[in-house]
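Chemist: Sequence:
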Amino acid sequence: MKQFIFMLLSVVVFSCQQEKTTTFTLCTDVHQDLIHDASNRLNEFIKTSENENADFILQLGDFCLPLEKNQTFLNLWNSFKGPKYHVLGNHDMDISPKIVTQEFWGMEKPYYSFDQGDFHFVVLDPNYYKDGEEMVSYENGNYYNYADNRAFIPESQLNWLRNDLADTDKYTLIFSHQSLEHKHGIKNREEVHKIFAEANMTSKKVIACFCGHDHEDRYVEIEGIHYIGLNSTSYTWVGDKLEYSGRFSEQIEKEHPNLKYTCPYQKSVFAIIELNSKGTITINGVQSDFVKPGPDELGAENHNYSAGISNRTLIF
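Under UniProt numbering, the residues of the sequence shown are numbered 1 to 316, in order.
Rather than coming from a laboratory, the hints here were simulated on the basis of the structure.
Hints are not guaranteed to be accurate.
To be verified - Derived DEER-like restraints, expressed as beta-carbon distance ranges: (1) T280 x N40: 28 to 34 Å; (2) Y144 x T282: 36 to 42 Å; (3) K20 x E255: 43 to 49 Å; (4) K81 x E274: 16 to 22 Å; (5) K241 x D148: 18 to 24 Å; (6) N163 x P97: 22 to 28 Å; (7) D148 x T313: 35 to 41 Å; (8) G239 x M201: 40 to 46 Å; (9) K69 x T280: 38 to 44 Å; (10) N142 x K204: 38 to 44 Å; (11) N75 x G279: 34 to 40 Å; (12) K204 x E255: 45 to 51 Å.
By construction, the Cβ of each residue, glycine as well, lies at the ideal position given by its N, Cα and C atoms.
Between the sequences and the hints, there should be enough to build the whole structure, so can you do that?
Modeler: Right, here's the structure in full:
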């Protein structure tokens with residue numbers, strides 16, 4: 001009888017170990033310097049992260065400029081008690097060199113990796129443009145003049161990625177601001193895909209890639225790897241074709257002149273991610289609506305604008 005009870009307890013303990021999960025929360029493109037209520041949106045993200053007992057939080061770029069007036073916003077981010085991770089977005093270097101933004105955020109390196117539970121996580125930095133044969137790091141908005149030749153991962157970083165993946169035996173998730181699969185993403189994405197394929201040759205290693213940048217809710221699977229494009233926490237950009245003033249007070253719109261080129265979301269949009277080493281990625285996204293008038297009311301046709309992040313269960 002004692003032996004039976006011991007065996008039963010062993011099965012229960014083993015089962016619990018197998019069901020161990022890692023939970024984290026993701027936000028992207030909060031754009032503190034463009035939208036008037038970014039602090040409220042970030043506060044909702046932090047509160048939810050705490051309520052979900054997230055193992056860590058991570059933002060995917062276009063967060064805030066390194067300005068003294070943004071210190072309160074950054075303090076809100078830092079109020080989360082657990083680990084916090086940053087990804088650099090292109091607009092985060094609009095008024096400064098990369099290192100200045102890093103120092104303001106408390107981000108030691110522009111690309112790096114870390115472990116949490118049964119998983120390995122990699123943060124990449126595709127914020128380089130190509131000038132002839134030279135790879136130039138984004139700073140002070142210098143990339144604006146290189147629309148057809150920007151968003152590259154330099155060779156040195158690719159070599160680091162290859163070695164980092166070789167050194168881990170854990171399932172791995174990749175984070176970048178720009179997409180690693182989309183036509184509007186990084187230019188040398190095929191080189192990245194080759195590195196992933198090499199890493200996955202003997203056993204499954206790279207399982208998913210998350211990005212922001214496009215303010216879209218998007219998903220595709222390529223060669224067994226899940227690529228998830230995360231929607232902005234704050235708004236979709238519609239430009240001057242759907243420009244609209246009058247959603248907010250005259251004072252707010254005067255202080256935030258680019259608001260008229262956006263369709264803001266009513267709620268803070270972000271995602272709760274749950275990883276199970278038995279083979280599932282569960283994405284629970286916030287669903288919102290547009291602050292009226294939205295794209296449809298403004299006459300947008302054949303568009304992919306949405307005000308939320310889709311719930312998904314992905315298998316690896």
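Chemist: Compare the structure with each hint and give your call.
Modeler: Here is how each hint holds up against the structure:
no. : hint                    : result
1   : T280 x N40: 28 to 34 Å  : 32 Å, holds
2   : Y144 x T282: 36 to 42 Å : 38 Å, holds
3   : K20 x E255: 43 to 49 Å  : 47 Å, holds
4   : K81 x E274: 16 to 22 Å  : 19 Å, holds
5   : K241 x D148: 18 to 24 Å : 21 Å, holds
6   : N163 x P97: 22 to 28 Å  : 27 Å, holds
7   : D148 x T313: 35 to 41 Å : 38 Å, holds
8   : G239 x M201: 40 to 46 Å : 43 Å, holds
9   : K69 x T280: 38 to 44 Å  : 42 Å, holds
10  : N142 x K204: 38 to 44 Å : 39 Å, holds
11  : N75 x G279: 34 to 40 Å  : 39 Å, holds
12  : K204 x E255: 45 to 51 Å : 49 Å, holds
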